Every structure is written in structure tokens, then in C-alpha cells.
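Here the protein sequences line up with chains A and B, keeping their order. For the first sequence, counting from 1, position 117 maps to 117 in the working numbering; every step adds exactly one. For the second sequence, counting from 1, position 52 maps to 52 in the working numbering; every step adds exactly one.
Only true hints are included.
To give a feel for the contact side, a few chain B residues facing chain A, derived at Cβ under 10 Å:
{"id": "1", "residue": "THR9"}
{"id": "2", "residue": "GLN45"}
{"id": "3", "residue": "THR48"}
{"id": "4", "residue": "ARG54"}
{"id": "5", "residue": "VAL57"}
{"id": "6", "residue": "ASN58"}
{"id": "7", "residue": "ARG67"}
Covered by chain A, per the in silico footprint, the following chain B stretches (three or more residues, Cβ under 8 Å):
{"id": "8", "region": "10-16"}
{"id": "9", "region": "76-86"}
In short, the hints are calculated from the structure, not lab data. In this text, all values refer to a predicted model and were calculated from it rather than measured experimentally. Note that beta-carbon positions come from the ideal geometry of N, C-alpha and C, so glycine has one too.
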Amino acid sequence: MHATAPIKAAAHGTKPLARVGNTPLLRFESLTREWLQIEILGKAEWANPGGSVKDRAAFNIIETAWQSGALRPGKRLLDATSGNTGIAYAMIGAARAIPITLCVPANVSMERKRILAAYGAEVIWTDPLEGSDGAIRKARELYQADPEKYFYADQYSNDANWLAHYHGTAAEIWSQTEGAVTHFVAGLGTSGTFMGTARRLKELNPAIRVISFQPDSAFHGLEGLKHMPSALVPKIYDPSLADSELEIGTEAAYEMVKRVARTEGVLLGISSGAALAASLMVAQQANASQAESATIVTVLPDSADKYLSESFWSE
Amino acid sequence: MSLKVSIPTPLRRYTDGHGVIEVSGGSVASALESLLQKYPVLKKQLYTDDGRLRSFVNVYLNDEDIRYLQKADTAVKAGDTISIVPSIAGGNLVVG
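Model the full assembly from the supplied sequences, consistent with the hints where possible.
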């Protein structure tokens with residue numbers, strides 16, 4: 001496209017997309033103050049350029065498809081998303097001149113709608129009563145009607161999703177804890193974060209306990225997470241990987257978000273609050289079992305930026 | 001008077017699979033009360049233990065969020081549709 005563009009002699013600074021991954025690992029001391037041998041650590045995924053953990057999967061999905069030729073000039077990337085993955089695709093698409101079509105439930109927040117529009121993505125709104133499963137059905141329908149037009153990224157079935165975490169997130173956690181990680185905790189949405197990170201950590205040290213969590217009910221407010229028994233189950237999800245599973249209530253996540261805002265000075269998104277609530281349960285179990293020490297690591301998918309107009313802050 | 005309540009997919013397991021329930025009432029509050037009389041198990045899904053609508057539950061009257069009307073006191077008339085929509089990060093039914 002820009003084959004004749006001159007190569008710049010000077011190249012200071014960082015290309016925006018080079019900032020995907022290598023996120024900070026934050027230590028939440030106020031949560032474990034009474035237990036000297038236990039620490040809870042969280043990957044601050046909002047440090048990714050698109051503001052969420054989904055940059056990792058989206059970047060790897062696009063990169064892998066581009067290398068294989070499945071995504072090439074003339075094709076549009078198509079996927080279903082209720083938020084952060086759409087933002088990630090839209091951001092990367094803008095930076096790499098790849099046209100993006102997203103199927104999104106119409107009840108996403110105004111902020112999300114404006115972010116997608118600002119990056120220039122095409123959005124097809126789906127029935128809010130059907131949630132993300134309605135968006136998935138619409139994306140499948142569009143793809144089947146015109147398979148030549150689209151590269152259907154299908155984050156729920158695409159191995160490049162979990163592989164982003166297998167090669168990225170897990171390696172970062174291993175290195176940032178100098179191999180001391182004893183527990184890994186993550187929520188299930190597409191399940192990519194949990195599958196990829198847990199698989200790799202288990203290879204690095206089979207003694208690491210990997211714990212998945214999901215909403216406690218089909219009807220919940222945990223953005224980005226899925227209640228597996230009642231949802232379209234992602235193809236990449238293998239329920240046998242987890243050593244144990246936890247259920248987290250929406251209100252428990254809100255409470256943790258507010259607690260961490262006031263005690264740690266960190267403004268978390270709702271699923272990040274759920275991740276810390278789940279990690280705290282794991283810490284309590286570790287303490288009760290009188291484990292020698294526990295280094296519990298979780299993934300904090302995003303910050304409070306997109307949730308500040310939610311009513312729970314003032315309740 | 002008779003009006004309809006649209007039930008989102010994840011709650012239909014509590015309404016015998018029905019997506020639309022006929023209810024009666026003169027306000028949003030009484031219409032929702034009528035819904036809970038038909039399906040008492042919905043109460044725990046929609047309300048907190050102290051009786052407030054859960055934060056992520058949005059209620060719309062014919063596409064208008066009742067927060068911007070008279071909330072639960074909003075008057076309803078025959079033929080209206082109330083929609084219960086879980087918020088996806090502060091959901092908004094009006095496509096902008």
C-alpha cells in the first residue's frame with residue numbers, strides 16, 4: 001500500500017501496537033494484610049493500548065490470520081463481541097488499515113459505542129435481550145451469507161485467542177514472579193485467558209493450581225464473563241483443565257471494585273473486581289489449609305474507565 | 001389493564017421459556033409486582049436482599065429507561081411493553 005513511502009531515518013518512541021502485552025503485575029497488599037505468607041497479584045491489562053486484556057487475543061488473531069492468508073487485502077474482519085474485543089479489533093484495524101465489522105448487542109454503553117465509532121469500525125447492532133449469544137448468531141449468519149467478503153475471526157473458537165496467553169501472559173507471569181506463582185485465577189468469557197495461561201503455567205510447574213471462575217447465575221452484570229451452563233460454550237473451552245472452579249456474584253464484584261478504589265487507589269473494571277474477589281477466596285482457602293506460602297496471580301481485564309457511569313458506585 | 005414484559009434470554013429459564021409475559025398494573029412497579037406473582041423465582045434475580053433493583057438491571061418502558069422517567073412510579077397503559085435488559089457496562093437500549 002505504501003511501498004514507495006520513504007523509510008524514516010529516525011525512529012524514536014514506540015509504535016502503538018508494540019505496547020500490546022508486557023503489562024505490570026500489581027500487588028494488592030491490603031487484601032492479604034493479615035496473612036504474611038500470602039500475596040495476591042494482578043496483571044494490569046488496562047495498560048494495553050486498547051485498554052483491555054482483549055488486545056492480546058485480537059492482536060494474535062489478526063497476526064495469525066494475516067500470516068496464513070486467511071485475512072488479506074480485500075477482506076473484512078468479522079466477529080461478535082460485547083465490548084473489549086471489538087475495541088481491540090477496531091484499534092488494530094485502524095492502525096493496520098484492515099476494515100472491521102462487529103456484531104454487538106445494542107445494550108452496550110454509550111462510551112463503547114463512541115469508542116468503536118471513533119476508530120472507524122462498522123458495527124451491526126443485535127437484540128439486547130439476547131446478549132452476546134445473539135451477537136454470535138448474527139456474525140455466523142453474516143459470514144454464511146457471504147464467506148468471501150469476510151474473515152470470520154470467531155474469538156470463541158480461534159486457537160490464536162488462547163495461544164496469545166500461552167505465549168504471552170503465562171510467560172510474563174512466570175518471569176514477573178520469578179517462578180514463584182503457586183495459584184492462577186481467571187474468569188471465563190471466551191475462556192482464552194484461562195486456557196492459554198493455565199496450560200502454559202502447568203507445563204512450567206505442574207504443581208501450580210489453576211482456578212477458573214464464572215458468574216454465579218445466568219443473569220449477571222459481570223461484563224465479558226459467561227455463565228457456562230446457560231451460554232453457548234466456546235469451542236476453545238476445556239473444562240477439565242481447571243483444578244477447581246469458583247462462582248462469583250455480581251454484587252461481590254462491585255464490593256471489591258469499591259474496596260480496592262478506596263484502599264489501593266486503583267480503579268478496576270467489574271470483571272477485574274470479580275477476579276480479585278475470586279483470588280481472595282483462594283487466599284482464604286490457602287490460609288485455612290495452612291499452606292506454607294501462596295503467590296496468587298490473576299488477570300485484571302480492564303479498568304473502571306468504561307464503567308464510571310454505573311449506578312453501583314453510589315449504592 | 002394488560003401490558004407485556006419482555007424477558008431477556010438468561011431469565012427465560014425462570015419463566016418456563018417464555019420471552020413475553022402478559023401482566024397487569026397501572027405503574028411499572030405494579031406491573032413488575034404482577035410479574036413476580038406469576039414467577040416468584042424472578043425476585044432473587046431482579047432485586048437485592050433489601051429490595052432494590054440490582055444495579056445491572058435496566059428496565060425500559062417502550063425503549064425509554066425508566067431511570068429517566070419517573071422510575072418505578074412511571075405510569076403504564078394498555079399495550080405498553082416493559083423490557084428487562086441486563087446492562088452490558090451501563091447498557092443503553094437506544095442505538096446511538
